[in-house]
Structure formats: structure tokens, C-alpha cells
Amino acid sequence: MTLVEFPAIAMAAVACWVLGSLLQIPAGRSKPVAVFSWTLFVGGSAVLVWFLVSYWIALERPPLRTLGETRLWYATLIPLVGFLVEYRWGIRWLKYYCIGLATLFLGINLLHPDVFQKALMPALQSVWFVPHVVVYLVAYVLLAASSVAGFHNLWLQYRNKSSKVSESMSHYLALLGFVLLTFGLVFGALWAKEAWGHYWTWDPKETWAFISWLAYLGYLHLVARKTRVTTLQWYLGLAFLVLLVCWFGVNYLPSAQNSVHTYSG
Amino acid sequence: MQSSRTTADAGTAVEGFGGAALFTIFAIVAGFAVEWLTAGSGIVIPRWPVNFLFLAAFASGIVAVGLGMRDRPVVAWMGGIPVGLSLIVGLALLSFIGGFLPQDPAPAGSMVARLRLNSIFSSWPFAFVAFLFLGNLGFSLLWKTIPFRPANLQFILFHGGFWIALSCGLLGSSDLQRLVIPLYEGQESGVAYEMPSEQPLRLPYSIYLKDFEILEYVPQFALYDPSTDQVIDEKSRMVPEVRKGARAVWPGIVSATVLDFLPDAVPGKDGNPVLAAEGHKGVPFARIRVELEGQPAVEQWINGGGPGINPQFFPVGNYFIVIAPGQPKAFSSSVLIRGNDGQRRVATLEVNKPVDFQGWKLYQMGYDEKAGRWSTMSLVEAVNDPWLPAVYLGFFMIMGGNLLFFWKGIKKMEAA
Ligand code: HEM
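Here the protein sequences line up with chains U and S, keeping their order.
Just so it is clear: in the first sequence, position 41 is 659 by our numbering, and no numbers are missing.
Just so it is clear: in the second sequence, position 281 is 351 by our numbering, and no numbers are missing.
Calculated from the structure, these hints are not laboratory results.
Bear in mind the structure is a predicted one, so any value in this text is a computation, not a measurement.
Be a bit skeptical, because a hint or two may be false.
Calculated lysine to aspartate or glutamate pairs in the EDC-like style (CA-CA distance at most 16 Å, straight line) [unchecked claim]:
id: 1; chain 1: S; residue 1: K399; chain 2: S; residue 2: E420
id: 2; chain 1: S; residue 1: K399; chain 2: S; residue 2: E311
id: 3; chain 1: S; residue 1: K305; chain 2: U; residue 2: E623
id: 4; chain 1: S; residue 1: K351; chain 2: S; residue 2: E369
id: 5; chain 1: U; residue 1: K736; chain 2: S; residue 2: E283
id: 6; chain 1: U; residue 1: K782; chain 2: S; residue 2: E283
id: 7; chain 1: S; residue 1: K440; chain 2: S; residue 2: E283
id: 8; chain 1: S; residue 1: K314; chain 2: S; residue 2: D334
id: 9; chain 1: U; residue 1: K736; chain 2: S; residue 2: E311
id: 10; chain 1: S; residue 1: K431; chain 2: U; residue 2: E812
id: 11; chain 1: S; residue 1: K280; chain 2: S; residue 2: E258
id: 12; chain 1: S; residue 1: K305; chain 2: U; residue 2: D732
id: 13; chain 1: S; residue 1: K399; chain 2: S; residue 2: E286
id: 14; chain 1: S; residue 1: K423; chain 2: U; residue 2: E623
id: 15; chain 1: S; residue 1: K399; chain 2: U; residue 2: E678
Short derived list, chain U residues pointing at chain S, Cβ under 7 Å [what the hints assert, rightly or not]:
id: 16; residue: P740
id: 17; residue: V797
id: 18; residue: I829
id: 19; residue: L835
id: 20; residue: G855
id: 21; residue: A857
id: 22; residue: P872
A virtual CB, placed ideally from N, CA and C, is assigned to each residue, including glycine.
This is chain S alone, in the form it adopts within the complex (with noise of 0.2 Å):
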């Protein structure tokens, strides 16, 4: 990696590492010392359009003073690598803080609160470092891009890059709205909440579930040791599937057969299950033999129970073969999405894969775990980020510049 000749001088002409270092300890402390008489209180960022007035401020102070003042020492050791250099140790001390401690709520008036080191992310030191972060970046990224040469167009992607998605992603994270709609089959909603506080919202649309869908995996049969309250591993530490056929062996133990396997059923009359009619209402029922060592084969359904279904299992000494049911493979919301102006959209909402109206990205999030399969309820996310494509130009340039460095470094590995 090489400097361009201009920058690098004015920043080794002035100091070293010493005068950085302490500018960014100054930072820090002077946040710590800001949050200590705020009791914590944090840095509240403005809503549009104030934040992004900051950002256009901030933005041009930076041009101004980077090209008009470039000579003084001082701005030419603001944009240099050694102030860079504080600032990223500073900011991944900083974040270590955030990344060792639980952000969770603390005590009023604890040595946690008061420093906000249980927030740190939206603390008046992180903010005073990341501010002064993208000062330094600014003025590198000015420089390498007044006068242009296609040379630096690797270092204008990815610093620009960063430079674009960090002051977008910090300071609009006050327009993010992140809300959730609770859904019930066959009813209607525009109530969103504002969570954690549980503020109800209207929103401009409204969303009607006609029907809410879970997949699951193929149940399983497990050897269960209530004593210990986990499953014997089986021969093969597979956790066998429930299908005709299926065998699984707990050696020195019992093993079983599965003889026949009804995925929705009910229990009928005779004790037999039957086919659970139209719905969703029936629990996955197996038929096992079961082969202990010098004693017959029995056979006999066993299932996994559900609302109003009894459980059955196959007891063997103190433990018992029981079926598990599968875990979720998918869920989905089969939804109609009115808005206020009229226009109509028919969706489906699955995890992974959310659903763009008007602006908002609709996400399943959740369902009613306790009815789990049977659940006539879904849990909506709302998110409206009107900085997202923004953050996301700064992905693409940095990934761009990524690719660049990449390029680059492999030919000079060759070279070298």
C-alpha cells in the first residue's frame, strides 16, 4: 500500500501517534463525562428533515474547510492516518464495551446506567468518536478525490462507501420505524405498536390475514429419559424421522419399528386413529413395534398430542418412546393489503422473504408459539427506513471498492 505523496506528508509532518491517541481519549472521556451529568440520559438524534440539515451541514463544513484550509497543520492532521488510527482503536474499544456487556436495562443511578455503558451505542461517547471518525474520513476521502485520479478509485468506493452508510445509518436511525401488527384469521387491521412500550399506531393501510400456515418438518420418535430430561442417542446419533418403515436402534436398550404413520389424524372409537378431517386439527400418529431384548414384539400407536389430543407414548423401563413433533419449516401469512388511497395487494408473508407496500417492508415475525401449529394468529413486523437506500449505495460502493482491493492486491502479490 503505498500514500499519495501530499496527504502522507502533511500527516507525518506534524505528529505522531501521541497527540492522536490523546485527542481521542479526550473524546471519549468528554462523552463519559456528559453522559455522568445526564445520568445517562444518551444522545436523542433529530427526525428528518433536522438530521439530515446536520448531515448536509456537516457534509459541507467538511468540503470547506478541507479545501480552503488544507495547508494549516491542524486540518492536514485531522484527515491523516494517525487520528484515523486513534479513532478506530477508539471506536472498537467502545464497541468492545457494547459487545461485552448485556444493552439491556440497568438499574436506575448504577455505574452502568449513569455512563449509558449499557447503551453504548446511542451514548455521547460513541457519538463524539464516530462524529470525529467521519471528520477524519471526510477529509481523507476529500483529498483523494480533489483532484481525481482514477488510481484512488478504490479508495474513494470503500471509504466514501463507509463514510456514506455510517453517517446515513447513525443519523437516520431516528426515522427507522420498526412496528409490530398482531393479525387474527379472517379479521382486518391498521393498528400497528410501537414496541417496547407497546404505543398503538394507526398506519396508512390495513392488512386483512385470510389465513395463517405453518410447514413443519417430518415429526420424530426419541428415546426421552425423564430424569434427565433429554433423549438416549440412537445408533446411527440421528434423531430418527417418523416413516413407514423407519427403524432405530438404542443398543443395550429396546429399538423400534415404524409400521405405519398417519402425519393428521384423530383418535377414533375403537382406540384406532383416524383421518383428521378437513382442518388442521389432527397430531401425527405412528404405529410401532417395539423389540426389547428376549421378550415378544409389541405393537401399539403412539402420538404426539395437541389441542385436545391426549399424548401417547410407549413406556420402556424409566424411559419412554415418544413422537416430537417436527420443528417449523416454514410459516406464512396468506394476507390482503389495503391502503388509504385505495390500491390493493394480495401477498403472501414468509420469513426471508418480505413484502414491499408503499414504502414499508412487511416481514412475518412471529405466531402464537404456545398453539404452535394450530395458531389462528400472526405477528407482523412493519419497518420503514427511509435512509435504507442510501446505507445501501454505501454497501454497494464499499463492496465495488472491495472488489478493487482485491484486484489490486492479488496483482502486487504477484508482482511481489
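Isolated chain U (complex conformation) (with noise of 0.2 Å):
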């Protein structure tokens, strides 16, 4: 499949979503109809699942090289975060927010299509390539829900109705989200080093993700310190700003004039 099918594919995705949505208003009450609306829900995600999978093969070479090409794994997985949370912590508002997140990315998309173009230079191919970027996609999902999940803490905390269900989430989730950064940075150490010949050389971002690291670190320290939750919940929220910057906003800082890492997208 190429960039021709994708609008179609977009609106499939989207529609499943709000449709899935729709139907939770009387899912409560009738079993088949929760059934219909969990199906379309996951359908919406197989259908993008299907379009990166053949996008893949006809590209041959993995989708991850453009910024428009990460905002499609972003789109694939962040619903896919949402459902799991509902299913491990019963918290059922993460899925919409998470829709929304990935509804946002498939109309940046369709708003500024991709070229379809196959070439991928000479030091991306590595087998270090997916592991290092899927690896950080995955970390980049789990801890924008983190963040989420902290800002919603602070309002429940607000309203008095603070849930200690909700305050371990943000936590697991921040913490997987940190485990899957510190994989990221060291794979992209090792492969750097066959690639380029150095495994750290401060190309921005490189240190912007030791910078992301570092403050997902200072989280995990605080917690150590029996930090008091609020505390926690505003640096999980704010936390996620540093990960912006290193995902897009590093190729509009001064210092990335040089760097070999800002996306051609």
C-alpha cells in the first residue's frame, strides 16, 4: 500500500475510533454492544497495524525515517496504551484523550502528505535502526500518557476526588517510559559507534535525549525521596515538555545546524 490509500485508511481508523466511542454511551447497559464497541475500537488500531505493515513492504525499508513516518507509529500505538491501561486499571478516560492524540497525528499527516520515497542512506541501514527508534516511539507513547495521567491527577486532586489508582499509574507508566529511554539511549550509543565511529558525540540530540533521561531520572529520585504526590504529579506533567523539544523541537534550536539526527521530514 502507498501514500494513495492512506487518506482511506485514516478516516477507516478514525471512524472505528469515534464510532467505538459512540457506542460506550449504551455499552454499559448491554453486553453485545460493549462486545461492538471494544471490536471497533481494536479494529481501528489493525487498520493502521495493516497500513504500516504493507507500507513496509512497499517502501523496503522501515517507515521510521520521517517525521511524518514516526507520527504514523505514534497514531498506531498511543490508542493501543490507552486500551491496556483500561484493561490492567480499569481507568477508562486515557483511551479518549489517546484517540484524540492520534486523531490529531493522522490529520498532521494528511495535511502535510509524505513523498513516497524509498531510498534510506547507507547509515540507517543497521540492525540497530529499529530496535533504537521503536524503542524510544514506544517510550515517547507510554510517557505522553504519564503525563496525561499527572495533569488528570492534579484536577481529580482539585475536585477532592484524588484516586490511588490513578497516582500508581502515572507512575508505571513513567516508569516503563523510563526503562524503554535508557534501552534507547544505550542502543543508540552502541549503534552510533558502528555507524559513525563514536558513541557519544553531544550532536543535539543526543543531548536532548540525555537531557529528557536525566529528567525522567529526577523523577525516580524524587519518588525515592517520598516526594509529596502533587509534587510528583505536576513534574510528570511538565516532564513531558523536555520530550517535545527532543522529539520535533530540536530541529528548530540554534545548535541543530549540524546535526546528523534532525529528521528529513
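Got two chains here, each in a separate frame; can you build the complex from them with the hints?
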């Protein structure tokens, strides 16, 4: 499949999610409706997974090179986090936020279509390419969710409705995200040694990856110090801003002139 | 996450974050003061064996002080979380400068150069913070390691790995050599250049370049708009590949079909291209049939041009149908490496596939980009990093700790 089919695919996925969400209203009263609603949720994601796989095949390379392609992954993965959180913690609101974000990313891709381009520069042709980028993408997905959960917890607290479950959810999302950030960082260093001759050169993207890692390292040590819950939720909510700089923002900073890392998107 | 009783108590007994933050700010300010006074000269890490001796003394100092004076409040404080957190923030702030401002040469005497904001990662404030960071991390690591408890393994791997990777990476940077070796087909060279000084150096081995080769992706054809220097979107938004039978449609403008494709040809006597003889001197030629609405189809050869071969386009109104060469897919150098001790090795250097020779890693780095596919010159980078095994040990410890952390995290999550 190519980008010609993308608009139809994106519409189909969003339609599934929207319909699934609407059916959640009557789902509480009827088991078959609930099942149907969840079939639609999962179906929307399945459509995107299917597109990703066939796009990968058509491109003859992993679709991980341009910003648009990473947005496609993000749109595919983030609703899955929402579904898993509901499955694991019984928290229902997160999936709507995740679907909204995925829709936003699909929308950006529709407005700024990528060019279908098979070429993959030699430095990217490495066994490390896929693990490094995918680990980072999943980390971003989890940490985005932990950020929203952090703000949501503050809102709950403000209304005197704080929930222990919701607080432990934001914590574990951040913890898993940090584990993946760490793997991403180390994989990146190991790859850089093979491709560029040195494992660490303080390239702006590397520097920002390090700063983001430090931000979440700070969070874990605050937790170890038994910091107040409110502070921790604020911290998680805002820490994601640092990741956003690392992901998109770096391209626009004065330091990025010479980066080998900026996406060609 | 739980704190172990002893260190957490020692850490909290002294004071909270105020003192730790002040301490970190003081280290940073002192570092910038040193830079200002030395006109931004930065820190020069001594080379082997001085850097190693320094590291050994530092580590022994941590062990001696950490074990012998652990009851002193100052020492407990130095190894506690408040100081650790403040230093993490300090390190993040300095890294922020490095991630925001270009790390390039700046006019001497400018504010940026005097404070060394343009080379922050070799500046005194960075060195001070990293040094204290290693001290803090070292104490906490020591106290979790002695006495040893299996439950602390994750902590030890993670913090120990980071300690090793950071200390050896920073102190070993002075022993890192990255040299560029220009090679020409059919010639042997044992001379490398230090960058950016271009200082020549004789290597303990020499490299003979048998052949340099570039593989390209299939060329593509595009409708080019010279007024905007951009290509017009094809119907499918693909940049169509030049293949026999391939058809491209630019809606409302023109469509084109590839009738014939010669990937490697030269112009012939009668205007038709002929296959290039042995060697790489040809360019891609394509015979295309162009259909403009309401006009009879036209067939013509076009080519992308190259050394001694003029490119041929097909004009369509204000646009041109052109062949764009495929982007480089792989480039490689077949070489024979000979050590001064007589050791020989035949190898192929390729991007992402460096070759080891007597402690050096040799990388395919570049080529004469003006000549492109016809380059007979290959740039090889030679890297010697004696501290690499130590840094990698650190990396693998971090990954081990990370796995345990993940596993423990999942177990606690199930329990929660
Ligand atoms: C890299 C720089 C780091 C520094 C300077 C640092 C520093 C410290 C310090 C001083 C403590 C307090 C020790 C104690 O009171 O027992 C601590 C605790 C802790 N650190 Fe780190 N740490 C670093 C990295 C990490 C990393 C990468 C992790 C990731 C898993 C981590 C996880 C922890 C945990 C879980 C604790 C609490 C351990 C406990 O008390 O049981 N640290 N750290």
C-alpha cells in the first residue's frame, strides 16, 4: 500500500474509534454493545497496523525515517496504550485522550503528506535502526500518557477526588517509559559507534535525549525521597515538554544546524 | 521504590534540598569563574596514564572516605539523594546550554567564548558538576554494595554501570584518536590526518585501496519546475522509479511511460545510447513516451548526465521531465591492510560495518561527492579508543540493571 490509500485508511481508523466511543454510552447496559464497541476500537488500530505493515513492504525499508512516518507509528501505538491501561487499571478516560491524539497525528499527516521515498541512506541501514527508534517511540507514547495522567491526577485532586489507582498508573507509565528511554539511549550509543565512529558526540539530538533521560531520572529520585504526590504529578505533567523538544523541537533550535539526527521530514 | 534504612536516614538527617541546591550552584558558578579568568580555555583531560591514575585515586578516595567516615554527616550528605538530585538538575542545565547553543567556534573574546558556552562539554563548570556527580554516585554505590545484598543488585548494576561509563567516557576522551585517511584507487597510504587541524600522522599500518564502489537506488524520473527548483507531485505522490513499463501521471499536465531503460549506457553515434563498455563510465538512459492532452504521443531518450555526458531532458511547457540519479544505497572500499609487523588483512569497509585491525576500527567515511558514482577516492576514518571496553562494560551493566528494574517494576505493578 502507498500514500494514495492513506486518506481512506486514516478515515477508516478514526471512524472506527469515534463509533466505538459513541457506543460506550449504551455499552454499560448491554454486553453485546460493549463487545461491539471494543471490536471497533481494536479494529481501528488493526487497520493502522495493517497499513504500517504493507507500507513497510512497499517502501522496502522500515517506515521510520521521516517525522511523518514517526507520527504514523505514534498514531498506531498510542491508542493501544489507552486500551491496555483500561484493561490493567480499569481507568477509562485515558483511551479517549489517546484516540484524540492519534487522530491529531493522522490529521497532520493528511495535511502534510510525505513523499513516498524508498531511499534509505547507508548510515541508517543497520540492525540497530528499528530497535533504537521503536524503543524510543514506545517510550514517548508511555511518557505522553503518564504526562496526561499526571495532569488528570491534579485535576482529580483539585476536585477532592484523588485516586490511588490513577496515581499509581501515572507512576508505572513513567517507570516503563524510563526503562525504554534508557534502552533507547544505550542502543543509540552502540549504533553510533558502528555507524559514525564514536558512541557519543554531544550532537544536539543526543544532548536532548540525555536531558530528557535526566528529567525522568530526577523523577525516580524524587519518588525515592518520598516526595509529595502533588509535586510528582506536576513533575510528570511537565517533564513531557522536555521530551517534545527532543522529538520535534531540536530541529528548530540554533544548535541544530549541524545535527546528523534531524529528521528529513 | 524504597530507600534502604541506613542511607535514607543519614541522607534526610542533615537537611533537605536547600543546601544541596546551593552546593550545586556554587560548583557551577565556580566553574564559570574559572572559565572567565582563563578566557574560556576549558579543561584539558590528561592522557594515559595520568587520567587512569587520577581515576584510580578518585575511586580509592571514595572508598576510603565512604567506608571510613560514613558516620560524618557531611559524608552522608554528599552521598544522599538531595545532592544527587541537585547535581542531576545541574547537569541537565549545563546540557541544556549545550543543546541550545551551537557548539561551534565563536569569536574569541565574545561572552559566549569566554564562558565557553560554545564548548560546554569540555568546560570547567561541566567538569566540576560531573566530578561531584561521580562522587555522589560513588558513595551511594559503595554503601549499597558493602555489605552486599542480592536485593541491591539492580541498584548496583545501574548506578555502577553509569559510574563506569561516565567516568571512563569522560576521562578516556583524551586518548581517543579519530583520524581521516584519504585513499586513492590503486594506491597505498599509511598517512592519516587529524581533524580539524589537518596535522598529518604516520600510522602503524598502511592501506591499499583496490576498488571503491557505490551502489545506487534505481534512478527516478520527475517533473521538474526550474522556477521553484522543486519537483511536481505525481498522482500517487511517489517519485516514480525508472523501470521498463513504469508510468507516471502528473494530473492536468502530462503523463509519461518508460519504454526502455539502460542503467549504464553512453550516447551512440546515431543519437541512440549504447551499453557502456567495461567500467563505470555510463549513465542511466530511458526512452519515454510522453502524452500531452490532445496531442500525439512523442517518444524520446532522456538521461541524467555525468562526467563527459550531457544530460538530456524532455521539456513540457515550463517544466522538464528529468532523470534524477538514485541516491547512494551503499558504498564500500575493498582494501588490503598491512601492519608494520607484517600482518595482512583483506577487507571490505562499508558504512555501518567497521573493520578491526590491531586495536583500530576502520570506517568507510566518505568519497569524492562531486564525482559521485565515479569517485576513485575513498575517505576512511580510523578510530582508536583504548577506553571503549570499560565504557561498554558500563553500558552492559546499565542494560542489565535496566532489565531488572523493568522486571521488578512489573512485579510491583502487579502487586499494586
Ligand atoms: C546517573 C546518575 C545517578 C545518580 C547521581 C544517582 C544518585 C543516587 C543517590 C545518591 C541515591 C541515594 C542512595 C540512597 O540513599 O540509598 C540514589 C538512589 C536511587 N537511585 Fe540513583 N542515581 C543515579 C542514577 C540512577 C539511575 C539511572 C537509576 C535508575 C534505575 C537510579 C535509581 C535509583 C533508585 C531506585 C534509588 C533508591 C534506591 C533505594 O534507596 O532503594 N539512579 N541514586
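Hint check:
1. The straight-line distance between the Cα atoms of S:K399 and S:E420 is roughly 11 Å, inside the 16 Å bound, and the hint therefore holds.
2. Between S:K399 and S:E311 the CA atoms are separated by roughly 15 Å; this keeps the pair inside 16 Å, and the hint holds.
3. Distance hint between S:K305 and U:E623 is fulfilled; the C-alpha atoms sit about 12 Å from each other, no more than 16 Å.
4. This hinted pair does not check out: S:K351 and S:E369 have alpha carbons roughly 25 Å apart, beyond 16 Å.
5. A threshold of 16 Å between alpha carbons decides the hint, and for U:K736 with S:E283 the separation of about 21 Å lies outside it, so the pair is violated.
6. Straight-line distance between C-alpha atoms of U:K782 and S:E283 comes to about 62 Å, which puts the hinted pair past the 16 Å bound.
7. Proposed proximity of S:K440 and S:E283 is supported: the alpha carbons are some 15 Å apart, at most 16 Å.
8. Note on S:K314 and S:D334: the hinted pairing holds, with a Cα-Cα distance of about 14 Å set against a maximum of 16 Å.
9. For the given pair, U:K736 sits about 10 Å from S:E311 by alpha-carbon distance, which is consistent with the 16 Å threshold.
10. Restraint check for S:K431 and U:E812: the C-alpha separation of about 9 Å stays at or below 16 Å, so the hint holds.
11. For the proposed pair S:K280 and S:E258, the alpha carbon gap of about 9 Å is at most 16 Å, so the pair holds.
12. At most 16 Å may separate the alpha-carbon atoms for a hinted pair to count; S:K305 and U:D732 meet this at roughly 13 Å.
13. A hinted pair counts as satisfied when its Cα atoms are at most 16 Å apart, and S:K399 with S:E286 qualifies at roughly 5 Å.
14. For the hint pairing S:K423 with U:E623, the CA-to-CA distance comes to about 37 Å; that exceeds 16 Å, so the pair is violated.
15. Distance check on the hinted pair: S:K399 and U:E678 sit about 12 Å apart at the alpha-carbon level, within 16 Å; holds.
16. Satisfaction of the interface hint for U:P740 is found here, the shortest Cβ-Cβ separation to chain S being roughly 4 Å, below the 7 Å cut-off.
17. Because the closest C-beta pair between U:V797 and chain S is about 5 Å apart, less than 7 Å, the hint holds.
18. A cut of 7 Å between beta carbons decides the hint on U:I829: the least distance to chain S is about 5 Å, and the hint holds.
19. Because the closest C-beta pair between U:L835 and chain S is about 6 Å apart, less than 7 Å, the hint holds.
20. Hint on U:G855 is violated. Least Cβ distance to chain S is approximately 17 Å, over the 7 Å limit.
21. Interface restraint check: U:A857 against chain S, minimum CB-CB distance 11 Å, threshold 7 Å, status violated.
22. Hint on U:P872 holds. Least Cβ distance to chain S is approximately 6 Å, under the 7 Å limit.
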